[in-house]
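Asker: Sequence:
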Amino acid sequence: MRVEDLPLPTEAKRVLLERGYSELFPPQEEAVRAGLLNGESIVVASPTGSGKSLIALLAGLRALAEPGKRCRVVYAAPLRSLVYERAEEWRSILESLGRRVAVSTGDYDRVEPWLGEADAVMVTYEKLDSLLRHGASWLADVCVLIVDEIHYVGDLRRGPVLETVIARLMAMNDGMQVVALSATISNAGEIAAWLGARLVESNWRPVELREGVFNNYVIEWGDGGESRVEKRTRNHSLDVALDAVADGGQALVFVNSRRKAVELAEKLAAAAANDSEVRRLLDPGGAAGPYVSILRERQEHRELNEKLARLLSLGIGFHHAGLASYQRDVVEKAFRARVLRVLVATPTLAAGVNLPARRVVVDTLYRFRPGRGSEPIKVSEYKQLAGRAGRPGLDPVGEAVIIARTQEQAWEALIGYVQGELEPIVSKLVSEAALRSQVLAVVSSLGVATVAEVARVFERTLYTVQVGPPLEEIDRISWTLSEYGFIDRVGDVVEATETGRRVAELYIDPLTGHRMLRGLEALHSERPPLERLLFLALWSPDATRIRPPRGLHLALEMEAEQLLEDLGFTPYEEVGEADIAVAAEALYTADMLLDWVMEKPEDVILAKYGIDPGDLRGVVETSAWLVYSMAQLARVTGHPAAAYLDKLTVMVKHGVQEELVELVKLPGIGRVRARRLYEAGYRSPSDLAGLNPEQLAQLLRGLGEERARQALAEAQRSARREHRVSKEKLSADGRRGQRSILDYLSG
Numbered sequence: 002m003r004v005e006d007l008p009l010p011t012e013a014k015r016v017l018l019e020r021g022y023s024e025l026f027p028p029q030e031e032a033v034r035a036g037l038l039n040g041e042s043i044v045v046a047s048p049t050g051s052g053k054s055l056i057a058l059l060a061g062l063r064a065l066a067e068p069g070k071r072c073r074v075v076y077a078a079p080l081r082s083l084v085y086e087r088a089e090e091w092r093s094i095l096e097s098l099g100r101r102v103a104v105s106t107g108d109y110d111r112v113e114p115w116l117g118e119a120d121a122v123m124v125t126y127e128k129l130d131s132l133l134r135h136g137a138s139w140l141a142d143v144c145v146l147i148v149d150e151i152h153y154v155g156d157l158r159r160g161p162v163l164e165t166v167i168a169r170l171m172a173m174n175d176g177m178q179v180v181a182l183s184a185t186i187s188n189a190g191e192i193a194a195w196l197g198a199r200l201v202e203s204n205w206r207p208v209e210l211r212e213g214v215f216n217n218y219v220i221e222w223g224d225g226g227e228s229r230v231e232k233r234t235r236n237h238s239l240d241v242a243l244d245a246v247a248d249g250g251q252a253l254v255f256v257n258s259r260r261k262a263v264e265l266a267e268k269l270a271a272a273a274a275n276d277s278e279v280r281r282l283l284d285p286g287g288a289a290g291p292y293v294s295i296l297r298e299r300q301e302h303r304e305l306n307e308k309l310a311r312l313l314s315l316g317i318g319f320h321h322a323g324l325a326s327y328q329r330d331v332v333e334k335a336f337r338a339r340v341l342r343v344l345v346a347t348p349t350l351a352a353g354v355n356l357p358a359r360r361v362v363v364d365t366l367y368r369f370r371p372g373r374g375s376e377p378i379k380v381s382e383y384k385q386l387a388g389r390a391g392r393p394g395l396d397p398v399g400e401a402v403i404i405a406r407t408q409e410q411a412w413e414a415l416i417g418y419v420q421g422e423l424e425p426i427v428s429k430l431v432s433e434a435a436l437r438s439q440v441l442a443v444v445s446s447l448g449v450a451t452v453a454e455v456a457r458v459f460e461r462t463l464y465t466v467q468v469g470p471p472l473e474e475i476d477r478i479s480w481t482l483s484e485y486g487f488i489d490r491v492g493d494v495v496e497a498t499e500t501g502r503r504v505a506e507l508y509i510d511p512l513t514g515h516r517m518l519r520g521l522e523a524l525h526s527e528r529p530p531l532e533r534l535l536f537l538a539l540w541s542p543d544a545t546r547i548r549p550p551r552g553l554h555l556a557l558e559m560e561a562e563q564l565l566e567d568l569g570f571t572p573y574e575e576v577g578e579a580d581i582a583v584a585a586e587a588l589y590t591a592d593m594l595l596d597w598v599m600e601k602p603e604d605v606i607l608a609k610y611g612i613d614p615g616d617l618r619g620v621v622e623t624s625a626w627l628v629y630s631m632a633q634l635a636r637v638t639g640h641p642a643a644a645y646l647d648k649l650t651v652m653v654k655h656g657v658q659e660e661l662v663e664l665v666k667l668p669g670i671g672r673v674r675a676r677r678l679y680e681a682g683y684r685s686p687s688d689l690a691g692l693n694p695e696q697l698a699q700l701l702r703g704l705g706e707e708r709a710r711q712a713l714a715e716a717q718r719s720a721r722r723e724h725r726v727s728k729e730k731l732s733a734d735g736r737r738g739q740r741s742i743l744d745y746l747s748g
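Numbering of the sequence shown is given in our numbering, commencing with residue 2 and proceeding in unit increments.
None of these hints come from the bench; they were simulated from the model.
Where hints are given, some of them may not hold.
[To be verified] Computed cross-link-like contacts, BS3-like style, restricted to lysine-lysine with a CA-CA straight-line distance of at most 27 Å:
1. LYS609 - LYS308
2. LYS648 - LYS666
3. LYS261 - LYS648
4. LYS261 - LYS334
5. LYS648 - LYS308
Using the sequences and the hints given, assemble the complete structure.
Answerer: Here's what the structure looks like:
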């Protein structure tokens, strides 16, 4: 089927043709024949690279082309990287047709009214959930909901969010078209039945995928063929990767830990140093220069940047969630440009950006799960990794190879994974934490309602299709929320309290809100101890924490027990052993955050706590959100620490002491530049108002005149605000100080 034959406006087809879309892939054609362009809901289960993105775009183009209809298209995905990647593609097409595309992936306490002015809104699952909680009115106009990676419905943590969001939007917008996409669904028919959708299943790929198992220097392919592998290093995964490089391809090696990713990359570098043939296979020549320069020119993370730069210059890279965003960006771009011949990565890469390779090597089929030890991965996880094999237009075939250490392992991998059946997607809605959060969100949106009316909202969920409506669970959870003070319940009638509504809007677990409020009761002052506030934020189901060394656990747990008692909690009664272990982690992480707020250099913090840049960034981002939430709860309950918590939010976000809070609010002024300004005598934004951009840029080398201009414009606005507030205060004081004629007469 040709694009020019599609029932779309001529202008839309012209833009698609200009972007290189001329002929539909088989899954795309099947979706059109199933009613995609007639507004039918569709579930598409087809491999990576089979064109699901265009299916989503076609649904959006069709809806936005309908004359006289107020319609908004929402695209939701699990990861920010996916949202931004898709938004870039949509903008290039829709904006040339006069349509607006908006993106929002963070800040869960803002409705962002400007989103309502866009025709297509691209969001993460959680952002869409938060918009529903805030009652964004434009959501009533959604006519197409596109859900990328629908298999996340079965995820323990994020599945309930996605499932409830879909259910609520379907209930809100009768007749809304749902387009659900995934590469890995075994019970796609059940998912389609839940969504009232037609099913398109296809195994077609633009590049054929060949899957096999390596053992004893032979790859046994699933189709019965065999390939011998030359021994070039002392590592099986690296030898299988180099085998693909020798054939003109690139290789992605997936390992189960960050440490293993770095270790394997270093082993390959050592092999290149000792073997001229390996060095020749990997050598990127001068092409690595620009990428190496970017890393070596950065002032922060010098040790890690030097390691990455050295490996990149050899044609080798590693990629994991601990890297800073700019480091990941450099590695990804170098791999796409074929500067890197071998990239060793953790599975987070497969879940995010589209980075295919000729050969995918799966080093192990086991993952370490906290509290559970080493466990085999799911077949669906393996298939996600394998799906990265094969670059359209570059590779004649994509290859996925599992590394086995014994013949028994090889047989198990071949039968269980290469030829294995995908696990069905099963709803995780009734997990305690998920239902707590979603029930409070629904009650907050309904006003006064009965428990039965709350349960009715959940009738559109996958859980109801698979198990039945969760009536008993909702009833039990609503009593818990009532005990927290977030719901008023009389008999079967429920209504969210003001505090409960705020907890729902803040997008925090009700247990987080409950603990914060309990802790704040014990810290009833305008400036509670900083360490205790940080601990309270981090002792939360929502927090990101770092693990202390084993030798510190016992001492930390003893300290945590005492701190919990001081905050009004009873260890081993209302607070269990597992919660005390979490509290120990919270204490250790609070120490790290305290170093951050006291402006210790980032590299010093990373070395002291044995973490990577991405770990620090994750803790800082989540903690700033939680401290902000604590400030909001303090405000709604009239706690005297609300103003100090507002400041602490900025301190945690930027890693500064209290005196720099106003300076770091200026564009381009981070913790280091703010301290430099402060020490030069510029203590507040108004102190900068008299400078010109050249002077500020000279004072802060590397800032640049444009950023200096933006910072000064904000500083001048701040100075005007200060002047206005000061004038109003003087005027008010003057009015209070004047005596009227009645005062004299009565005196």
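Asker: Hints first: check each against the structure and report whether it holds.
Answerer: Outcome of the hint check:
no. : hint            : in the structure
1   : LYS609 - LYS308 : holds, 19 Å
2   : LYS648 - LYS666 : holds, 11 Å
3   : LYS261 - LYS648 : violated, 40 Å
4   : LYS261 - LYS334 : holds, 22 Å
5   : LYS648 - LYS308 : violated, 37 Å
When the structure is compared with the earlier hints, violations turn up for hints 3, 5 and for no others.
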